[in-house]
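Peer 1: Spelled out from the first residue to the last, the chains are:
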Amino acid sequence: MTVMEQRDTRRTGAPTPPPAWQPRTDPAPLLPDAEPYRVLGTDAAAQTDPELLRRLYAEVVRGRRYNAQATALTKQGRLAVYPSTTGQEAGEIAAALALEDRDWLFPSYRDTLAAVARGLDPVQALTLLRGDWHTGYDPHEHRIAPLCTPLATQLPHAVGLAHAARLKGDDVVALAMVGDGGTSEGDFHEALNFAAVWQAPVVFLVQNNGFAISVPLAKQTAAPSLAHKAVGYGMPGRLVDGNDAVAMHEVLTEAVTRAREGGGPTLIEAITYRMDAHTNADDATRYRTDAEVEAWRDHDPILLLERELTRRGLIDEAGIQAVRDDAETMAADLRAHMNQDPVLDPMDLFTDVYAEQTSQLREQAAQLRAELDAEAETPGAEGSPA
Amino acid sequence: MTTVAEKATAAKPATMAQALGRALRDSMAADPAVHVMGEDVGTLGGVFRVTDGLAKEFGEDRCTDTPLAEAGILGAAVGMAMYGLRPVVEMQFDAFAYPAFEQLISHVARMRNRTRGAMPLPITVRVPYGGGIGGVEHHSDSSEAYYMATPGLTVVTPATVADAYGLLRQSIASDDPVVFLEPKRLYWAKDSWNPEQPVDVEPIGTAVVRRPGTSATLITYGPSLPVCLEAAEAARGEGWDLEVVDLRSLVPFDDATVAASVRRTGRAVVVHESGGFGGPGGEIAARVTERCFHHLQAPVLRVAGFDIPYPPPMLERHHLPGVDRVLDAVARLQWDQ
Numbered sequence: 004m005t006v007m008e009q010r011d012t013r014r015t016g017a018p019t020p021p022p023a024w025q026p027r028t029d030p031a032p033l034l035p036d037a038e039p040y041r042v043l044g045t046d047a048a049a050q051t052d053p054e055l056l057r058r059l060y061a062e063v064v065r066g067r068r069y070n071a072q073a074t075a076l077t078k079q080g081r082l083a084v085y086p087s088t089t090g091q092e093a094g095e096i097a098a099a100l101a102l103e104d105r106d107w108l109f110p111s112y113r114d115t116l117a118a119v120a121r122g123l124d125p126v127q128a129l130t131l132l133r134g135d136w137h138t139g140y141d142p143h144e145h146r147i148a149p150l151c152t153p154l155a156t157q158l159p160h161a162v163g164l165a166h167a168a169r170l171k172g173d174d175v176v177a178l179a180m181v182g183d184g185g186t187s188e189g190d191f192h193e194a195l196n197f198a199a200v201w202q203a204p205v206v207f208l209v210q211n212n213g214f215a216i217s218v219p220l221a222k223q224t225a226a227p228s229l230a231h232k233a234v235g236y237g238m239p240g241r242l243v244d245g246n247d248a249v250a251m252h253e254v255l256t257e258a259v260t261r262a263r264e265g266g267g268p269t270l271i272e273a274i275t276y277r278m279d280a281h282t283n284a285d286d287a288t289r290y291r292t293d294a295e296v297e298a299w300r301d302h303d304p305i306l307l308l309e310r311e312l313t314r315r316g317l318i319d320e321a322g323i324q325a326v327r328d329d330a331e332t333m334a335a336d337l338r339a340h341m342n343q344d345p346v347l348d349p350m351d352l353f354t355d356v357y358a359e360q361t362s363q364l365r366e367q368a369a370q371l372r373a374e375l376d377a378e379a380e381t382p383g384a385e386g387s388p389a
Numbered sequence: 010m011t012t013v014a015e016k017a018t019a020a021k022p023a024t025m026a027q028a029l030g031r032a033l034r035d036s037m038a039a040d041p042a043v044h045v046m047g048e049d050v051g052t053l054g055g056v057f058r059v060t061d062g063l064a065k066e067f068g069e070d071r072c073t074d075t076p077l078a079e080a081g082i083l084g085a086a087v088g089m090a091m092y093g094l095r096p097v098v099e100m101q102f103d104a105f106a107y108p109a110f111e112q113l114i115s116h117v118a119r120m121r122n123r124t125r126g127a128m129p130l131p132i133t134v135r136v137p138y139g140g141g142i143g144g145v146e147h148h149s150d151s152s153e154a155y156y157m158a159t160p161g162l163t164v165v166t167p168a169t170v171a172d173a174y175g176l177l178r179q180s181i182a183s184d185d186p187v188v189f190l191e192p193k194r195l196y197w198a199k200d201s202w203n204p205e206q207p208v209d210v211e212p213i214g215t216a217v218v219r220r221p222g223t224s225a226t227l228i229t230y231g232p233s234l235p236v237c238l239e240a241a242e243a244a245r246g247e248g249w250d251l252e253v254v255d256l257r258s259l260v261p262f263d264d265a266t267v268a269a270s271v272r273r274t275g276r277a278v279v280v281h282e283s284g285g286f287g288g289p290g291g292e293i294a295a296r297v298t299e300r301c302f303h304h305l306q307a308p309v310l311r312v313a314g315f316d317i318p319y320p321p322p323m324l325e326r327h328h329l330p331g332v333d334r335v336l337d338a339v340a341r342l343q344w345d346q
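From first to last, the protein sequence lines stand for chains A and B. Taking my numbering, the leading residue of the first sequence gets 4, the next gets one more, and so forth. Taking my numbering, the leading residue of the second sequence gets 10, the next gets one more, and so forth.
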């Protein structure tokens, strides 16, 4: 319609044509609850399956021990860096356990624990952080994408994979994990928008642990909550207590099921707290107080599970000790494997850049080969026999 | 008198845009894993009509109009490729590809490498590039140097109708990610070409001599090829017999063909639209010098766009290397020594 025609419409009093824009979705059902969803410590906890409680407890205790062991390995120089999830184990583990074998996990660099809970070998999960290779496993084997270091860039991958799976007729769901800081990235927006438009079977899990390295949430976003962002994309947002393993398992399972059944994506915000620093390279005392950290100790995910198991008489001291012993065995095994020096072949630098080496890479590989041969022939040189 | 059947298979003038569209169509028909996606590629058929008819023929699930978000388009393509599809994404215009750079550099280029070969990504990224069509700001960049500087990417650019078809088919069939640079101003360049019986073209990574000569080698690609061929014709009047090498593929780079030509002629000029400083010509000149130093009669010269942001369309003719600028460079090749 031209401007002249519009004017004519006004003059003649003809009805205004309907706007091109029509609301597609009623926002109300998409909005998250005002308070994070909780099960442990409420009356609803009595309904929780005892086996699930026991399993979550054992896994979360193992996760805590894994975090402690990996952190110790950084101090011994065995790991270049380790972003600990101490305090966040419930979310990591409950999310991974909500997936079926055929589903895919898209973890960030902090989500080693989710990958291990999914069955990945604990040593393979650490190669990125040890520095011997970027990804120490075949992503297709466990259906775990490489741990992603750039922020939120793995989220569109999850959308694409889930979309492709649906096009092929497979009922596969992708779970994409990101931190609170990652929600400020452009890829977060693009991924959520694509997922909602395509109704892709994806679950986005934001673990809000309070800080993006040192920057608190209040400086990260002005949104009422990160879960509220969902409504802008036309998907439901859920707010859940990230330290409550049972609540996490329930909310994640619900979202995964909904996605699998064609209900589209969900954005879940898990409220949690990172008890350790961002990594061993970070000094958390510069941006938060001991009192703040202490306040979260009473809301520890292990404590919440232990209280519930004990209250219902599902575990005793011996049972708790058995779980701790099992975690200790896992840690000893991890320690033993990580204390072995990885055997690396420098010539691997040139494989897997392209399917077929370019002539440029062939020349460079020959150069390195010659350097290695010369090194091996020089007495006293590194790698030569003593 | 020709029969109807002969008429149907005869070579007729076809544009590069038609050949590209045909390559997409034939790739999709040959392999159900091939998916075309991008902004406007479906109903509209692409702003240059390269994808015209694909959504109708193959359905919207295989030729998909996406939300307007380049990082999202390429990022989703990564996940699709992880699940066994072969996405072909369109970036619509060169400068619109920049939001997708992080996906391209941090993930697409290195997924094979970071997973030690377990997760190759057969993605083709179609990027219409270069000037000469009177495009306004952000519609005429030559961004090949950025792509060339990223290990893991194959970078291809056709200059002929036959190459447009052949190289795009090869790119889509490649198990590696390919940045497929389409010279916008050649979209409507016509050549006799038979879509029913496309000729085989040399594989990716092979440069070809488009015009043999003995006096000097013009090394070029994409939109500058017709400029160089015209310059070579004009140079005959000056007594120069110029050889023209079309690189076709910037990565992998065909050192052998280029060096063989320069060793024959002893002189070389690199011609491209993108800026000279930090541009492809510097790399090419260095490689030629390293391999042909004792055969060279003159320094390797570059004829490039100026080192300026791409100019407004009313001034672009002063920026783009034309026949005269190429001939001026040839004249500077120390003929008297």
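Errors might be hidden in some of the hints.
[As the list claims (entries may be wrong)] Straight-line distance between alpha carbons at most 16 Å, and here's what the computed EDC-like set of lysine to aspartate or glutamate pairs gives:
id: 1; chain 1: B; residue 1: 65; chain 2: B; residue 2: 35
id: 2; chain 1: A; residue 1: 78; chain 2: A; residue 2: 301
id: 3; chain 1: B; residue 1: 21; chain 2: B; residue 2: 316
id: 4; chain 1: A; residue 1: 171; chain 2: B; residue 2: 49
id: 5; chain 1: B; residue 1: 65; chain 2: B; residue 2: 49
id: 6; chain 1: A; residue 1: 78; chain 2: A; residue 2: 297
id: 7; chain 1: A; residue 1: 171; chain 2: B; residue 2: 40
id: 8; chain 1: A; residue 1: 171; chain 2: B; residue 2: 70
id: 9; chain 1: A; residue 1: 222; chain 2: A; residue 2: 188
These are computed hints drawn from the structure, not numbers from a lab. Remember, it's a predicted structure, so these values are computed and weren't measured experimentally.
Peer 1: Need the list of violated hint numbers for this structure, in ascending order.
Peer 2: 2, 3, 4, 6
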